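Assemble the complex: chain F is given as a structure, and chain U must be docked to it using the hints.
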Amino acid sequence: MKQRARGVSAPRFSKGQVNRAGVFLLELRERVLVEGAQRALRATDEAAIEAAREALEWWRSLHARPLSTVAANLRYHVLKAGAEVEGRVEVTQRLKRQDTLIGKLDRERGNVTQMQDIGGVRAVVPSVPHVYRVRRRLLKSWTIVRERDYVASPKDDGYRALHLVVRRAGFPVEVQVRTRGQDLWANAIEEAGQQTGVQFKFGEGPDVERAAFASVATLIAAVEEGELSAAELLTAGAIGAAIIGLAKRLEREAK
Amino acid sequence: MSPTDEIKHFLVTRNVASGRTTVKPFGSDYEAAQVAYGAAEREAAVRRDLDVVLLSADSLETIKRTHSSYFKSNLMSELLPA
Chain F
233 MKQRARGVSA PRFSKGQVNR AGVFLLELRE RVLVEGAQRA LRATDEAAIE
283 AAREALEWWR SLHARPLSTV AANLRYHVLK AGAEVEGRVE VTQRLKRQDT
333 LIGKLDRERG NVTQMQDIGG VRAVVPSVPH VYRVRRRLLK SWTIVRERDY
383 VASPKDDGYR ALHLVVRRAG FPVEVQVRTR GQDLWANAIE EAGQQTGVQF
433 KFGEGPDVER AAFASVATLI AAVEEGELSA AELLTAGAIG AAIIGLAKRL
483 EREAK
Chain U
270 MSPTDEIKHF LVTRNVASGR TTVKPFGSDY EAAQVAYGAA EREAAVRRDL
320 DVVLLSADSL ETIKRTHSSY FKSNLMSELL PA
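Sequences listed follow chains F and U, in order. Sequential numbering of the first sequence, starting at 233, is according to the working numbering. Sequential numbering of the second sequence, starting at 270, is according to the working numbering.
Isolated chain F, as found in the complex (with noise of 0.2 Å):
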């Protein structure tokens, strides 16, 4: 109840303040890309940039509660689905970045207190068949607002996960369950992505990488749904660095 008393019941923005606050942001962002973080913030009146902040932290912090709420309803759901990897329940919650959130405003040009993952929980269990299981308990006992199914119907980059959102106290929350493979598959993306700075996850990235990415959660997907063996997949894999290394002898040796 503590947050109670920091004054959730008494709101301290509207809902057109966070929005502008998410406008106010990303106009920010765009400035410090073209002139660089020092000039970009030199040239902006700190006291709106952090007015800005503070409404969006205020509007996330509302989520934290049905986040915790729906965070521990699924952490019950996996556990009663038998859906644990080597015995643990693999449920994370977060509450999304501001940085992350003023970027996906920049891609899907929504406004911030329509956003339905400020609050995120994900759930890796063990297989396809457990997703599925979960997702059944999931729909007797909740009211989903929203399903896409991207393990039926992967994107394009190969991203395979189910999500779900869900709402509680009238804050929406995404579900994302995944089987082990397409978790490790995902984070290798995000991992690519903050060393290389090329954002797979959004589509960026040369056609090559983001080809052999999607290859390798096909082949991952082959290997869960027992259709390829993990020797085969080595195999594969073996083959794939012997031809890489072969290309790059010949790229060498013709120059």
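By construction, these hints were calculated from the structure, which means they are not laboratory data. Any given hint might turn out to be false.
Stated by the list, open to error - DSBU-like mimics (lysine-lysine), calculated; alpha carbons at most 35 Å apart, straight line: (1) F:247 <-> U:293; (2) F:328 <-> F:372; (3) F:328 <-> U:341.
Stated by the list, open to error - Simulated coverage check for chain F against chain U, where a stretch passes if three residues somewhere in it have a Cβ under 8 Å from a Cβ of chain U: (4) 300-306; (5) 480-486.
Note that this is a predicted model, so its numbers are computed, not measured. Where is the CB? At the ideal position from N, CA and C, for every residue including glycine.
Chain U alone, transformed into the frame defined by chain F:
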């Protein structure tokens, strides 16, 4: 275990340049964790090499598994030719 209690909050900061990750635990105090999150985001806004996120689970082990990109070098980047 009971799935409904004992959730702990962790502020995870990855230095993208060095690949190092630091974790600040907040126990069950979500509010304090969120205040620290906001402060860390302000720092990250001027230092582009920091990725910061607030994650919560029954243990840090779970977070390391579900959000492995923050913690270790992954297989995929090694699969791709440099």
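Structure versus earlier hints, numbers of those that do not hold, lowest first: Structure breaks hint 5 only.
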